Amino acid sequence: AQSVAQPEDQVNVAEGNPLTVKCTYSVSGNPYLFWYVQYPNRGLQFLLKYITGDNLVKGSYGFEAEFNKSQTSFHLKKPSALVSDSALYFCAVRDGNTGGFKTIFGAGTRLFVKA
Amino acid sequence: EAGVTQSPTHLIKTRGQQATLRCSPISGHTSVYWYQQALGLGLQFLLWYDEGEERNRGNFPPRFSGRQFPNYSSELNVNALELEDSALYLCASSEQGALSSYEQYFGPGTRLTVT
Chain A
1 AQSVAQPEDQ VNVAEGNPLT VKCTYSVSGN PYLFWYVQYP NRGLQFLLKY
51 ITGDNLVKGS YGFEAEFNKS QTSFHLKKPS ALVSDSALYF CAVRDGNTGG
101 FKTIFGAGTR LFVKA
Chain B
1 EAGVTQSPTH LIKTRGQQAT LRCSPISGHT SVYWYQQALG LGLQFLLWYD
51 EGEERNRGNF PPRFSGRQFP NYSSELNVNA LELEDSALYL CASSEQGALS
101 SYEQYFGPGT RLTVT
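Protein chains in written order, with our numbering: chain A, 1 to 115; chain B, 1 to 115.
The set of hints was computed from the structure by calculation and includes no laboratory data. The reader is advised that the hints may include incorrect statements.
Said to hold, decoys possible - Which chain B residues face chain A? A few, computed with CB under 10 Å, are given here: (1) G3; (2) Q6; (3) Y33; (4) Q37; (5) L41; (6) G42; (7) L43; (8) P62; (9) F64; (10) L88; (11) S94; (12) G107; (13) P108; (14) R111.
Stated by the list, open to error - Calculated Cβ distances over 10 Å to all of chain B for the following chain A residues: (15) P18; (16) L44; (17) Y61; (18) S80; (19) K114.
Predicted, not measured: the structure shown is a model, and the values here were computed from it. We treat Cβ as the ideally placed atom computed from N, Cα and C, and that holds for glycine.
Start from the sequences, fold in the hints, and give me the full structure.
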């Protein structure tokens, strides 16, 4: 069965410090992995994706994510957090070997960056 | 390039009425997805349309329905509204096909309030 887990409901970090938002997944085939961000009272925005290739992928707003196949993880990272990064972050996974709709979203992690 | 658009931005209905929400995908995208997000929480998958057909459906009662038009725009209908239907309804679109990586692009949402 396909699933995605975001083990932290909330992450708190001070501005200027590095941040990590965790995501683990389970798929039977090759994973397509995504991160989305939702700012207050707005729709979700696509941040970055991993399909194949380099395990470290870079996305919008200085975010990056590292694909770790052995740990089935795809953690979102940023070297230096900004107050404006405070938002709700969703990890999503799709089984690349199947056709049809199978993109599963995690429950979301709320990031608070304190000045 | 225009993003995903949704209308109306806000919709206020009374219990028992019907609501119609509309979505226009990004040009070239054939798939449209509908999600319900209550109280800024996680995404609950409602419906997926591709090429005019319903491809998948989430765990929602039949009073949630929709359709996709030949120009790939979509409509979500909610009949016999209940108070717990109050939520942000998000529409997303994506490409389909062997060369797609399936990331979804979201609209700003329609805030439905049922009184």
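Those earlier numbered hints the structure runs against, lowest number first: The structure conflicts with hints 8, 9 and 16, although it agrees with all the remaining ones.
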